[in-house]
Amino acid sequence: MTGEVTGVAAPVQVAGWRRAVSILGSLQGYVGLVLVVAFGIVTRGDTFLSQANLTNAVGAFASRGILAVGETLVILTAGIDLSVGSMLGLASMVSAMLLVNQDLPPVVILPLCMLCGAAMGLVNGIGSTWLRIQPFVMTLATLSVFRGIDRQLSDNVSVGTQVAGPNGALTGHSNTFQLFGTPGHNLFAGTLGAGVYYPVLAFVLVCVLCQLLLSQTRFGRHVYAVGGNETAARLSGVNTDRVKIAVFVLCGLLAGFAGPIDAAYSASADPLAGTSYELDAIAAAVIGGASLAGGRGSVVGTFVGALILTLLDNVLGLNAVSDNLQLIIKGCIVVVAVVLQRPDLLRSLAHFVRRITARTGRSS
Amino acid sequence: MPPIPDDEPPALSVRGIGKSFPGVRALRGVDLDVHAGTVHALLGENGAGKSTLCNILSGALTDHEGSIELAGRPVRPHSPRDAHRLGIGMIHQELTLVPDLPVADNILLGAEPRTRFGTIDKRRMRARAAELLAAVGLDLDPRAPVRQCRIAEQQLIELAKALSVDVRVLIMDEPTSALADTEVRRLFGVIRTLTARGVAVIYISHRLEELEEIADTVTVLRDGAGVGTRAMADASRAELIGMMVGRPLGEMYPGEGAPDAVAGTRLRVERLTVTADPAAGRAGLHDVDLTVRAGEIVGLAGLMGAGRTEVVEALYGVYGAVRGSISLDDSRYRPSSPRAAIRRGLALVAEDRKTQSLVLDNTVRFNASLAALRRFRRYGRVHRRAERRAVDEQIAALRVRTPGGEAVVGTLSGGNQQKVVLAKCLLTRPSVLLLDEPTRGIDVGAKAEIHGICRRLAAQGTAILLVSSEMPELLALCDRIVVLCEGRVTAVLDSDEASQEAILTAAMARRTVLAGAASGGARAGEGR
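Chains as they are written, first to last, in the UniProt record's numbering: chain U, 1 to 364; chain R, 1 to 528.
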């Protein structure tokens, strides 16, 4: 008896068309990925599709991709974490120093780095909730603080992760550390062709786990609720501060997890490692459909966004497009992706066209 | 009712207005004539097309069918600015003021007087603002930020803003939904001076008793079409409701006697005290006592700012720890957080469903199960099937009209949104239900259904504490009515002694209340 009910009774084909448009809208992210892949196949088919190339492309982006997953969690609660790059830098430095100075086995180094990242995330979380500092400001401050600690620890000198033993060969732990992502070192060598490149595996695993966390658990619901309407969440019995602190801690934990990967990938921990990674992380989340206003987005989307960014890089590189041009194209992709994600895109486009034609019609 | 002149063209004449949104035909061929110096009411359930029509008239929606004439001259407003220039002003249901700007800046936003150098002429602006404030009967410092004003004052500031241009047609979309009865009186006074000056007023409200008082003519809309226009004096309530819902409905408030389930006291509140927080717009409470038995509906009455919302929010733990002693089923209860309150069996339907209760962009299922996810936990994850079953059950029981659990809540009508909020509360299986204006701004049919739900829940033994600005609602539903004034209880009325007069007298007993307490008098500017 209300207007909405009459709306349902509207012609079926209109409803069908609307549903098609909205499904198209939710798939627009994938459309971008398909376009990039198609472009790659058409221009550089054989090279592009080879396992080595794809592994390279995804592996190079894996540490940033993992940051993007953590960033997505924070963005879903309507926050933002600008310090992920610095946290990754510090974690990679910690991992290299534990390896070189303490000669710890990598299986011990990894959890320690994650712990270190989680602690940094806790600082961000506490600042953004109990101290009521806006996340942008809080993490802008810690971006600087964590980078400073990183540089102080290392005395502004890179720490190489390839430690030679007395006999000139790499020490055992250093050799194992390379499995974290030094190109050419794979897990399960012999199976699956060249084996499994750990960064790619880690990235995919992180995505799967975090997507399950978001879609299957109470915590995931609470994350969406806090981002969608914080007051409503609190009045529904959600401990909103705890949820916000938790996403910052998770984000830091993932940055700590990505630290050793980055160190192994470049075979050394650079005091400037991870600089401006936060921008790539945010870009991947946004291309994947996350809204900075909170409450909208998913890890699957971010995964696709990260793939778009890295494969585009790869394809442009294969086609020998200059670095400068690549930067420009990457920026444009962000804009196009965000515009494409508007569910009412087609409608507002039609409205715009009609208005223009109406205006020219009147003036003539 | 002033005589409607036949010779001159109506101030506003609308012919065959139609508007479609994708998949929805919001308006189909509506005709409307509004004469200068009269109040023309628009009546209809939510989703009937009233707001769409007003948005077209005020230029917020363009691209429609049909024609609009202002005093016989065809016009077509393309934007709200355009409409302003034509002399059409609109006051939206949701306030559109900038909270941190001063009153004067808000009133003249976009039309600020300039000096020779192009800067804002503050002096002229304040003078003009003071003039407009006087016109709506407000005595406020134009330099005070809007945030510090009460809701009722903000509503009148909104009116002053609309008057800042030379309006010939003024559209008011539910201007009284946030006002208590005395404040409504004052608004009506302003409306009468406007009509005396020849302004044509289009007035939307769900409150029939108000329309009987202020409106000259009424047009009823249903499903986007005009059902008919009547002179207000000739139309009976039953007839109008029948036109709105398209079927005869029993009298709105059947004065049903309370079920005599005399059970033990479920909720006992003694000396509840909350300090006022003007920055957060929070009134103080002073030694509030009340009890609610199981199966009882207790009403909380009072003017805006009397502390009604504060009582339920304090009980729900929104303010954290409070002073006073509260017991639930004879065991001590200390409010600390909404989370703890839910665990003790309290549930709150908050005052503003859009900002306080719903994640509008998410689904019905997401919203309904949000407070009760604990119930659906299995192996650390949310058991989707159990969740869906429970939500579907509530949707059916509360008769929520939605395409399904996966529909986005923001697309439902107000009444159905409110039912989703109720579903969320009921899924936590509360023993005490706190309702804060549960029927504000929803249509007559949904209102009657929510009243029915309240009675049913009470009959099942739930204790209900109901805050409402609508006295007929309180009188019809409540077993007892507690009246608040300036944060103090001024009367407790049993259903047989309660009447609109008795409630109003107690609600306006400001002077008696304040005789003992010097504090709180600073803002007691009205109700004389």
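Just so you know, the hints here were simulated from the structure itself, not pulled from any lab data.
Do not take every clue at face value.
[What the hints assert, rightly or not] Partial list, computed: chain U residues near chain R (C-beta under 8 Å):
| id | residue |
| --- | --- |
| 1 | Arg147 |
| 2 | Gly148 |
| 3 | Arg151 |
| 4 | Gln216 |
| 5 | Gly228 |
| 6 | Asn229 |
| 7 | Ser236 |
| 8 | Gly295 |
| 9 | Ser298 |
Ideal placement from N, C-alpha and C gives every residue a C-beta, glycine not left out.
Verification of the hints:
1. Arg147: violated, 35 Å
2. Gly148: violated, 36 Å
3. Arg151: Since the shortest Cβ distance to chain R is 41 Å, the answer is violated.
4. Gln216: holds, 4 Å
5. Gly228: Check passed: Cβ of U/Gly228 comes within 3 Å of chain R, closer than 8 Å.
6. Asn229: For U/Asn229, the interface hint holds, since the closest Cβ of chain R sits about 5 Å away, which is under 8 Å.
7. Ser236: At 4 Å from the nearest chain R Cβ, U/Ser236 passes the 8 Å test, so the hint holds.
8. Gly295: Where the cut-off is 8 Å and the nearest Cβ of chain R is about 6 Å from U/Gly295, the hint holds.
9. Ser298: violated, 13 Å
The structure fails to meet hints 1, 2, 3 and 9 from the earlier list, while all remaining hints are met.
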